[in-house]
Amino acid sequence: MGTDAFEVGVNFAKMVAIFLMMVQIVPLLVWVERRGSAYIQNRFGPNRVGPLGLMQLLADAIKFLTKEEFIPERGYPFLFYLAPVVAMIPAALAFGAIPLSMPVNVEAFSMLGQHWGPYVFKFQSYEIGIGIVFVLGISSLAAFGVLLAGYGSNNKYALYGALRACAQTISYELAMGLAIVGVILLFNTFSFSEIVTAQSAPLNFAFLGHKVEWSVLPNWGIFYQPLGAVILFSAMFAEANRLPFDLPEAEGELVAGYHTEYAGFKFNMFFIGEYGHMLVASALMVIFYFGGYTVYPWLTPETAPKIMAPIAGLMGWSTTSTAVSLLGALLLHVVFLTKIVFFLWIFIWVRWTLPRFRYDQLMDLGWRKMLPWALLNTVVTAVIILVMRHPWGG
Amino acid sequence: MLSADNFLHIGLAHYIFLSGILFSFGMIAVLMRKNVIVMLMGIELMLNAVNLSFIAFSKESGNLNGHIMVFFVMTIAAAEAGVGLALAVAIYKKFHEVNIRFFEHLRG
Amino acid sequence: MWEAIGFYALAIFLIYFAFQTITVPNPIHSALYLVLTMVGLSAAFFNLGAQFIAGVQMIVYAGAVMVLFVMVLMLFDLKAEIRAFSQGLFSGGLKVMSAALLAGLAIGAANSSVAILDKPVEAARAPADVTRQLGLLLYTKYLFAFEALGLLLLVVAVGVVAVSRIRGGTHAQR
Chain A
1 MGTDAFEVGV NFAKMVAIFL MMVQIVPLLV WVERRGSAYI QNRFGPNRVG
51 PLGLMQLLAD AIKFLTKEEF IPERGYPFLF YLAPVVAMIP AALAFGAIPL
101 SMPVNVEAFS MLGQHWGPYV FKFQSYEIGI GIVFVLGISS LAAFGVLLAG
151 YGSNNKYALY GALRACAQTI SYELAMGLAI VGVILLFNTF SFSEIVTAQS
201 APLNFAFLGH KVEWSVLPNW GIFYQPLGAV ILFSAMFAEA NRLPFDLPEA
251 EGELVAGYHT EYAGFKFNMF FIGEYGHMLV ASALMVIFYF GGYTVYPWLT
301 PETAPKIMAP IAGLMGWSTT STAVSLLGAL LLHVVFLTKI VFFLWIFIWV
351 RWTLPRFRYD QLMDLGWRKM LPWALLNTVV TAVIILVMRH PWGG
Chain B
1 MLSADNFLHI GLAHYIFLSG ILFSFGMIAV LMRKNVIVML MGIELMLNAV
51 NLSFIAFSKE SGNLNGHIMV FFVMTIAAAE AGVGLALAVA IYKKFHEVNI
101 RFFEHLRG
Chain C
1 MWEAIGFYAL AIFLIYFAFQ TITVPNPIHS ALYLVLTMVG LSAAFFNLGA
51 QFIAGVQMIV YAGAVMVLFV MVLMLFDLKA EIRAFSQGLF SGGLKVMSAA
101 LLAGLAIGAA NSSVAILDKP VEAARAPADV TRQLGLLLYT KYLFAFEALG
151 LLLLVVAVGV VAVSRIRGGT HAQR
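Protein chains in written order, with our numbering: chain A, 1 to 394; chain B, 1 to 108; chain C, 1 to 174.
Keep in mind that the hints were calculated from the coordinates and are not lab data. Be a bit skeptical, because a hint or two may be false.
[Said to hold, decoys possible] Simulated restraints on C-beta separations:
#1 A:Val49 - C:Arg132: 47 to 57 Å
#2 A:Val379 - C:Leu75: 33 to 43 Å
#3 B:Phe17 - A:Phe207: 24 to 34 Å
#4 B:Leu87 - C:Leu94: 26 to 36 Å
[Claimed, not checked] Taking lysine-lysine and the DSSO-like style, the derived pairs with C-alpha atoms no more than 30 Å apart in a straight line are:
#5 A:Lys156 - A:Lys67
#6 A:Lys122 - A:Lys14
#7 A:Lys369 - A:Lys122
#8 C:Lys95 - B:Lys34
#9 A:Lys156 - B:Lys34
#10 B:Lys94 - A:Lys156
#11 A:Lys156 - B:Lys93
#12 A:Lys156 - A:Lys63
#13 B:Lys34 - B:Lys94
#14 B:Lys34 - B:Lys93
#15 A:Lys306 - A:Lys14
Idealized CB from N, CA, C, for every residue including glycine.
So here's chain A without its partners, still in its complex pose (with noise of 0.2 Å):
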């Protein structure tokens, strides 16, 4: 946690508000998703209640608070109750271990009679050095909150949604995994703060041992795995259960799949869960794919404190490296933010876009397409690497 007072407050300080700050961006999804929707099929949507239905938030959350408490006679009420939590952690650890801006320098300065020493804060819950394996191993755990809810229940769509979800996420996460290897093999690193740095750089690579750069494109994951992409980016769909992937919620065969018997601020709890996936789910293609914090020739961690330096002194704040340091990261966690929301939008876009798929067409995609292709990208993009980095040139 840290060796003295001060850091240790400020990493947990840094802990809870990540968390708020991933169950906070929860009503505003749902806001957006409502409204989209009802963009996308010429509606109106909510927007009684306060400027452009905002308030339909609070609304939202009293109803939430306030509804009856509702356990299921002859179910397990453990389970019942645990299912919601164990739905949310998942999605609240995975996003914590995510950098969602370069570190913040602190200088050594003196408070209440005492030096405090210089610290390097990162801008994230917690750093793991195998960051990538940490949070596909958290989110693996997900599926057991579906799980519980289906069996705590004890009903039968409640069961027949959980077997559906589960079949799916386990079906789904090998594409997955298999999509991720690409880009590990590509950056040669498990650490998310790397692949970040790696790709805030101009396009280069080994061609044949020699080094080609190019500096009209930033270094993203993109250029180099689009399959990639477009695999893992459709794999998360399934992991998060949205349409076109919402078999186990599909309500015209299974009332509402395994939330069926859920009210409440437990039904709240699943919500949060679904929405933190998707969150996550954003966040690794904006970090795998589309250079996380950075935008290459213009926004990097080099240039964001230069950009701020002056901003900070217009402000009347003195032009101390760590207030200029501070405010580079927030400008840059500004960038991953507009990032992750672009991604989360394609989300909403595409659940009301399109159709539900029949359950055998949903195997068939993910056991005969996705998952030879995604073998292949692995195979084609490790052949690669090797013939191109070995030195032949020279």
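Given chain A, put chains B and C in place with the hints provided.
Just chains B and C now, kept in the frame of chain A:
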């Protein structure tokens, strides 16, 4: 021989002790439970206990061969679970029961 | 000091979960306790500096194998078993005693061989470095075993499909 230092200084022996306890639990599950799937879970528990001791030895001796072995054990355990569950499903289709009491006689 | 407290807390949790796994009568509860055991073991691996193995443990065991177990158990729709354990006080006691004896022998043998082990030759390495070394070792020294494992997985996949296949597809008359 037993002193406070033995309890406070965590070393290889502690992990091996833990691993041994978990292994014996897995073995008891295989010997005493009557549900085929719980018996399979006992096997998984035994394999995991062995993995723990491999990693502990690997840390103690400072080389990575133990990690490699754990990697292989995990792969084989996953394959074994797949086969075991497929057999359990086939048995369930035939007898509508997964309790070994019902298919201990070798006739269909 | 803190290391010891962490280890004992983890050990108590692991032993409790493993005990529940083998004693609760409902197989689904048993599987869920086993999931907790797996996650606890992953934490133990993390403690021991095997970060990559800990992640793989989460992905493979907790995320895939145990999900399959729970799913199959749900498909069977088993109620809590009336006779979860095999009968017979004498044979049961014999089984527990034999398991305890085996574990005791293993622990004793390992414990007495701890002293013979060479002390660590290298200093502690960074986790990323461990993962890199693991990959190098896997694709050089253990390449043959790795390939054999791949073949084994292929055979297992084909075998599982053959075992669990229904003749006539999903519309078969039964």
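Do the hints match the structure? See the list:
Judged by the Cβ atoms, the range 47 to 57 Å given for valine 49 of chain A and arginine 132 of chain C holds: they are separated by roughly 55 Å. A hinted range of 33 to 43 Å holds for the C-beta pair valine 379 of chain A and leucine 75 of chain C, which are about 34 Å apart. Taking 24 to 34 Å as the suggested C-beta distance range, the pair phenylalanine 17 of chain B and phenylalanine 207 of chain A does not conform, at roughly 56 Å. The hinted window of 26 to 36 Å between leucine 87 of chain B and leucine 94 of chain C holds, with their beta carbons roughly 27 Å apart.
Using a Cα cut-off of 30 Å, the hinted pair lysine 156 of chain A and lysine 67 of chain A holds, with the two alpha carbons roughly 24 Å apart. The suggested pairing of lysine 122 of chain A with lysine 14 of chain A holds, with an alpha-carbon distance near 9 Å, which does not exceed 30 Å. At roughly 40 Å between alpha-carbon atoms, lysine 369 of chain A and lysine 122 of chain A are farther apart than 30 Å, so this suggested pair is violated. At roughly 14 Å between alpha-carbon atoms, lysine 95 of chain C and lysine 34 of chain B fall within 30 Å of each other, so this suggested pair holds.
Annotation: proposed proximity of lysine 156 of chain A to lysine 34 of chain B holds, straight-line Cα distance about 27 Å (limit 30 Å). Restraint check: the Cα-Cα separation between lysine 94 of chain B and lysine 156 of chain A comes to about 23 Å, which is no more than 30 Å; the hinted pair holds. Between the alpha carbons of lysine 156 of chain A and lysine 93 of chain B the distance comes to roughly 20 Å, so the proposed pair stays at or under 30 Å and holds. As the CA atoms of lysine 156 of chain A and lysine 63 of chain A are separated by approximately 27 Å, the hinted pair is consistent with the 30 Å bound.
Among the hinted pairs, lysine 34 of chain B with lysine 94 of chain B is consistent with the structure: their alpha-carbon atoms are about 17 Å apart, no more than 30 Å. This hinted pair checks out: lysine 34 of chain B and lysine 93 of chain B have alpha carbons roughly 18 Å apart, not beyond 30 Å. Taking the CA atoms of lysine 306 of chain A and lysine 14 of chain A, the gap is near 25 Å; set against the 30 Å cutoff, the hint holds.
Hint check: violations occur at hints 3, 7; the rest are consistent with the structure.
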